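Asker: Sequence:
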Amino acid sequence: MIHLKNNPAVTVAMPVYNGSMYIRESIESILNQTFSDFEFLIVDDGSSDNSVEIINTYKDSRINLLCHTTNLGTSTALNKAIANASGTYIAIMHCDDISLPHRLEQQVLFMEENSHIGVCGSSVHIFGQRDQVWCYETDSDDIKCKLLFRSAFVHPVVMMRKNLFSEYNVSYNPLYHYTEDYDLWRQLLSKTHFANIPDILLKYRIHSHQVTMKYNFEQQIEAGRIRLAQIHELGITPTEEEFQIHQTLSNGILPDNQELIQLWFQKLENANNHLGYYPKQALTKLLSEFTTKHLWE
Numbered sequence: 001m002i003h004l005k006n007n008p009a010v011t012v013a014m015p016v017y018n019g020s021m022y023i024r025e026s027i028e029s030i031l032n033q034t035f036s037d038f039e040f041l042i043v044d045d046g047s048s049d050n051s052v053e054i055i056n057t058y059k060d061s062r063i064n065l066l067c068h069t070t071n072l073g074t075s076t077a078l079n080k081a082i083a084n085a086s087g088t089y090i091a092i093m094h095c096d097d098i099s100l101p102h103r104l105e106q107q108v109l110f111m112e113e114n115s116h117i118g119v120c121g122s123s124v125h126i127f128g129q130r131d132q133v134w135c136y137e138t139d140s141d142d143i144k145c146k147l148l149f150r151s152a153f154v155h156p157v158v159m160m161r162k163n164l165f166s167e168y169n170v171s172y173n174p175l176y177h178y179t180e181d182y183d184l185w186r187q188l189l190s191k192t193h194f195a196n197i198p199d200i201l202l203k204y205r206i207h208s209h210q211v212t213m214k215y216n217f218e219q220q221i222e223a224g225r226i227r228l229a230q231i232h233e234l235g236i237t238p239t240e241e242e243f244q245i246h247q248t249l250s251n252g253i254l255p256d257n258q259e260l261i262q263l264w265f266q267k268l269e270n271a272n273n274h275l276g277y278y279p280k281q282a283l284t285k286l287l288s289e290f291t292t293k294h295l296w297e
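Per our numbering, the sequence shown starts with residue 1, numbered consecutively.
Treat the hints as calculated values from the structure; they're not laboratory data. Keep in mind that a hint or two might mislead.
[Unchecked claim] Here are the computed lysine-lysine pairs in the DSS-like style, where the Cα-Cα straight-line distance is at most 25 Å: (1) Lys285 to Lys162; (2) Lys267 to Lys280; (3) Lys191 to Lys80; (4) Lys280 to Lys203; (5) Lys162 to Lys191; (6) Lys267 to Lys285; (7) Lys59 to Lys191; (8) Lys80 to Lys59.
[To be verified] Quick list of the computed label-pair ranges, beta carbon to beta carbon: (9) Ser288 to Arg225: 21 to 31 Å; (10) Cys67 to Asp139: 22 to 32 Å; (11) Leu254 to Ser48: 36 to 46 Å; (12) Glu269 to Val170: 45 to 55 Å; (13) Tyr58 to Asp139: 37 to 47 Å; (14) Gly276 to Lys59: 45 to 55 Å.
From a predicted model like this one, the values you see are computed outputs, not experimental measurements. Don't be surprised by glycine CBs; every beta carbon is placed ideally from N, CA and C.
Just need the whole structure built from these sequences, with the hints factored in.
Answerer: Written as structure tokens, this is what we have:
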């Protein structure tokens, strides 16, 4: 990959809204990366705390602070960062998480060596109110099929090729306040290849103030809309019962009625065999796993 002269290889895009509690750790985890050829675009989305004051204490020339006077939402903040980005790659960061020192170095190397990959995530270490490791599918076909049920990336550890946004006219949808990333993967599903690096590249903080904890119900409603959009793209209009089965499975629960599950899976496979929207072998494998194990272990 050839980078334009004087342009950074990476734009780190970090939206901020009232992030003063943890933002120092997040900023410093980026500034202390082993890979230094980046710009750091921070978009303050109308914070009412002292987030901006904290950001302004850092004099690193790679930081560029953009400010909204009112809270416009994460999607709008990220779209602004991407519109102002100079990097070949966009690395997403959240203001309450911690990127491990080799994160950017490993992701750039991976993207340079795998020119067909458009979106790259990784495993993450969960900390705060929980302590565990989340690992994700590494193969593009498996990731694409999983998206039919749930997101297969941790958003703040994703790196993407910037040209995807202009080439395919995609963006974060402001109508999604809590699942804007899941919807973006849906938009890109048929346009590029995906990957997750097995290594842990981010510490993902679980705390009571984060969106996932505060707005879990709203997040589930939005995720259901994204799943339904994918089902419609297969040419299927599900019955209420079929969609409820799909929603239940997406949340990691295996319904009791195996016959209805198999009928629904057959409908999904038949539609996909006709349209080829998802990789066929990977979808067959994924659906078979529902009957052999708890899918989201």
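Asker: Give a verdict on every hint.
Answerer: How the hints compare with the structure:
1. Lys285 to Lys162: 32 Å, violated
2. Lys267 to Lys280: 13 Å, holds
3. Lys191 to Lys80: 22 Å, holds
4. Lys280 to Lys203: With Cα atoms ~34 Å apart, Lys280 and Lys203 exceed 25 Å; violated.
5. Lys162 to Lys191: 14 Å, holds
6. Lys267 to Lys285: The hint holds at about 15 Å.
7. Lys59 to Lys191: 39 Å, violated
8. Lys80 to Lys59: Holds, at about 22 Å.
9. Ser288 to Arg225: 21 to 31 Å: For Arg225 against Ser288, whose Cβ atoms are near 27 Å apart, the range 21 to 31 Å holds.
10. Cys67 to Asp139: 22 to 32 Å: 40 Å, violated
11. Leu254 to Ser48: 36 to 46 Å: 44 Å, holds
12. Glu269 to Val170: 45 to 55 Å: 27 Å, violated
13. Tyr58 to Asp139: 37 to 47 Å: Between Tyr58 and Asp139, where Cβ atoms are some 39 Å apart, the hint holds.
14. Gly276 to Lys59: 45 to 55 Å: 53 Å, holds
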